[in-house]
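From these two lone chains plus the hints, build me the complex, please.
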Amino acid sequence: MHRRLVAYFLRKNCLTPNDLADETLTRVSKRLEESDTGIDLPPSQYCYITARYVFLEYRRKAEHKQVPIDEQSRSSAVLEALATPAVQGIDDEQAERLRKLEHCLGCLEAGQQELIREYYLGEQRQKIERRRTMAERMGVSMNALSIRACRIRDKLEACLKASMERT
Amino acid sequence: MFPSSSQIVDDVLVRYLLGSLPESEVERLDEWSVTDDVFAQRLKDAENDLLDDYAAGRLGDDVRARVEAIYLTSPAALERIRFARTLGEWEKRGAATATVGAPAEVKPKLIVIRRRWRWPLAAAAVLTLGTVAGYLAIEHTQAPVAHAPTQALQKTQAPEVAAGSAAIPVAATFLLLPGTRGTNALRTLTVPANAASVELRAQLEFDDFAQYRLELRDLAADRVVWRSDSVAAHDEGGKRVVAATIPVNTLQEKSYALQVLGTKRGAPDEPVGDYAFQMKLP
Chain A
1 MHRRLVAYFL RKNCLTPNDL ADETLTRVSK RLEESDTGID LPPSQYCYIT ARYVFLEYRR
61 KAEHKQVPID EQSRSSAVLE ALATPAVQGI DDEQAERLRK LEHCLGCLEA GQQELIREYY
121 LGEQRQKIER RRTMAERMGV SMNALSIRAC RIRDKLEACL KASMERT
Chain B
1001 MFPSSSQIVD DVLVRYLLGS LPESEVERLD EWSVTDDVFA QRLKDAENDL LDDYAAGRLG
1061 DDVRARVEAI YLTSPAALER IRFARTLGEW EKRGAATATV GAPAEVKPKL IVIRRRWRWP
1121 LAAAAVLTLG TVAGYLAIEH TQAPVAHAPT QALQKTQAPE VAAGSAAIPV AATFLLLPGT
1181 RGTNALRTLT VPANAASVEL RAQLEFDDFA QYRLELRDLA ADRVVWRSDS VAAHDEGGKR
1241 VVAATIPVNT LQEKSYALQV LGTKRGAPDE PVGDYAFQMK LP
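Those protein sequences? They're chains A and B, same order as listed.
Heads up: the first sequence begins at 1 in the numbering used here, then just goes up one per residue.
Heads up: the second sequence begins at 1001 in the numbering used here, then just goes up one per residue.
With the rest of the complex left out, here is chain B (with noise of 0.2 Å):
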């Protein structure tokens, strides 16, 4: 049986990339390199690695001969060979300074940002954490928690009140977590009956953007259902956060990921996370 495309090692992405595999498998690769984000992603760490050994001449003479009969063809891969070659040049002189001054210890803005991510690493431990797509795991909140209502809320609230009904409408709110490979199970949201709309905030990793925006994907139609404005991280407890809010009636009982991209003008957006879950209604 073939594996996934998460158990895909190393070897066989460098195998893939210099053609030294079956054409049976070569075209399993070659479709995950288009469909699947994360191997997508793996797949480009390998090929800029492969190009940087090759830049450095830290290549066996077959490995080498391959990378030159595939990639010193085109314009586009020769480019990528010199900006290799060009980064190789400047990491050289910078480890030869780094030898020469102090030991290349852990910066100490390292260090804050690790103490920084402490916490929500043993939290992602503890909860042991779930990944579809290799990236993500979710903290789910006990209790939804009902939040302060929106404008939005306060319409639907008040006749209901007015009736005497028990059943006030609420947000449903839901810590998304980042998370590392490996595992399988996709972590459940379990939204409460009187909930009006469920608000996802997702925690960044890496806050690189002013601005974002949030697709909501049907993991099995692969099919972006609901996409948010454009929004900014905020701070919560020291985390970078964004934050969506969706009507429960564009949800189904159906596993999700949203997908957090970062937006800039005139730049096509760049993802930055996915963030897997099942949803389950009352």
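Next comes chain A alone, as it looks inside the complex (with noise of 0.2 Å):
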């Protein structure tokens, strides 16, 4: 539920989703302890209905908050660097990052590397074909095969992030 809250922060355009996630788990779990009759609602719509709450409260928030204007031109810096990525060449922070992404591969267990690069590798129709043809060939469900791919690129992300921050 943290990780799903997450992301609805994120998409919601929040700078600090995984802070709202947590607030939105305590205000559930402290109205649950102060209940006596329970919620009589299911957990994930209460925590759901919760969650706009705190977004609701942030942004009333977040319109009165004045954004520095050197935070503003870091922004444009970092969205600079990344606009153009099919363009430019690889530079060396890239270059570093992807050799640590090779590192991380290489931790996977057999198979998993194979399933990562054929789930997400071309555009947008091929892979839609393409998983189809996968989850076929395993006997497995779409869905099954998303969630193993979402978790393996999961662990990537969180070990190149990782291993990035060492450096």
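In case anyone wonders, no lab produced these hints; they're calculated from the structure.
Quantities reported herein were computed from a predicted structural model and do not represent experimental measurements.
All C-beta atoms, glycine included, are put in the ideal place defined by N, C-alpha and C.
Careful: at least some of the hints might be erroneous.
Claimed, not checked - These stretches of chain B come out as covered by chain A in the derived footprint (C-beta under 8 Å, 3 or more residues):
1) 1032-1041
2) 1065-1078
As the list claims (entries may be wrong) - Within a straight-line C-alpha distance of at most 30 Å, the following computed DSS-like cross-link-like pairs (lysine-lysine) qualify:
3) A:LYS100 to B:LYS1092
4) B:LYS1044 to A:LYS61
5) B:LYS1044 to A:LYS100
6) B:LYS1044 to A:LYS127
7) A:LYS61 to A:LYS100
8) A:LYS155 to B:LYS1239
Here's what the structure looks like:
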């Protein structure tokens, strides 16, 4: 649930999605502790309703918050660096990230590297067809394949992040 | 009428991610993104693909501008874009190698997997199995299997046999198969009158964890009504299965989903699969 809430706040363009997800779950657990009769809603739905309130509060606060000029220019600089990835060559940092990703990929279990390459390779239309074929070939549902691919991707992303932070 | 979560097509997911849907639709999808497992997974997949396309420069100007407006404003989202770019570079390198080398054919390992899974697929097709969360199917044994009694069952069985009762308590066993999206009828598990417990054996699509936990969720109330201890998957005719035995008195005539969660020390549990069914009691 925490992960889903983080994703929700990220999609809502919040700058501190982790904190907001924490806040949501804290409120939900407080409400559960205080309530003698329980909550007359499925827990996931109650989490969503609470998250919505937390988001609305966040948005109200954000409307009054001034963004420092250096923060704005930093965002613009990052945006510029990322905005033309297909045209630019690989810079030193990207080459370093690639080396570290390859190291992370080397830590995966057998077959996972092939799976993630096949799953994410190519353009959208090709991807859909390829994934359907993969699922059929492996005898699993598209949803199970998607869960597995996303899990490997999350693992890689965390490994790369940790690895970059260490340097 | 607004479609159900499983009817939402991928284009709508992308428009939702890009903030191009009307507010009335956004709210519904916001809710599903938190409350609906399958929808949340589809959304995550669509988002990864969108970021990959952005990082690879495959988007048109309009879509690209929207991605930048939405995703390049928070450090966490920026990190995801950076990762997408790095992953794309790695894939490009791999694709180039594959083109130079042998044709990118199906790996033998995967062929083995395909053979291994052919039977359950065929079984699933024959049984026209149902799913509510779009993920599961169930093979209902023709008649529940009376297991070799466990110690607990032996205790309850002895006095009844001594008293000449015909109702010897048994454990009714059901094998739950993973299934496919798109059907809507729940499979019914009919428990016989003399069953003291129900053993649910969930066939895994992937066995990625050393340990699992099983949770039985009341679908109408969206509430977990029973949890297993930690269990390991075992082999059954070449398929990996996790099993749990639930006392009959825990169950009611309701729709349930058996949720399988992969557990790892120091990490949150991860959903592996849902197997929904309708329970019919004597």
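Checked hints:
Taking a C-beta to C-beta cut-off of 8 Å, the stretch 1032-1041 of chain B contributes 6 residues in contact with chain A, enough for the three needed, and the coverage statement holds. For the stretch 1065-1078 of chain B, the assignment as covered by chain A holds, since 9 residues bring a beta-carbon within under 8 Å of that chain's beta-carbons and 3 suffice. Of the supplied pair hints, the one linking LYS100 of chain A and LYS1092 of chain B holds, its CA atoms being roughly 16 Å apart against a limit of 30 Å. A hinted pair counts as satisfied when its Cα atoms are at most 30 Å apart, and LYS1044 of chain B with LYS61 of chain A qualifies at roughly 28 Å.
This hinted pair checks out: LYS1044 of chain B and LYS100 of chain A have alpha carbons roughly 24 Å apart, not beyond 30 Å. Restraint check: the Cα-Cα separation between LYS1044 of chain B and LYS127 of chain A comes to about 15 Å, which is no more than 30 Å; the hinted pair holds. Only pairs whose Cα atoms come within 30 Å are accepted, and LYS61 of chain A paired with LYS100 of chain A is rejected, the gap being roughly 39 Å. Taken as a hint, the LYS155 of chain A and LYS1239 of chain B pair is honoured in the structure, with Cα atoms around 25 Å apart against an allowance of 30 Å.
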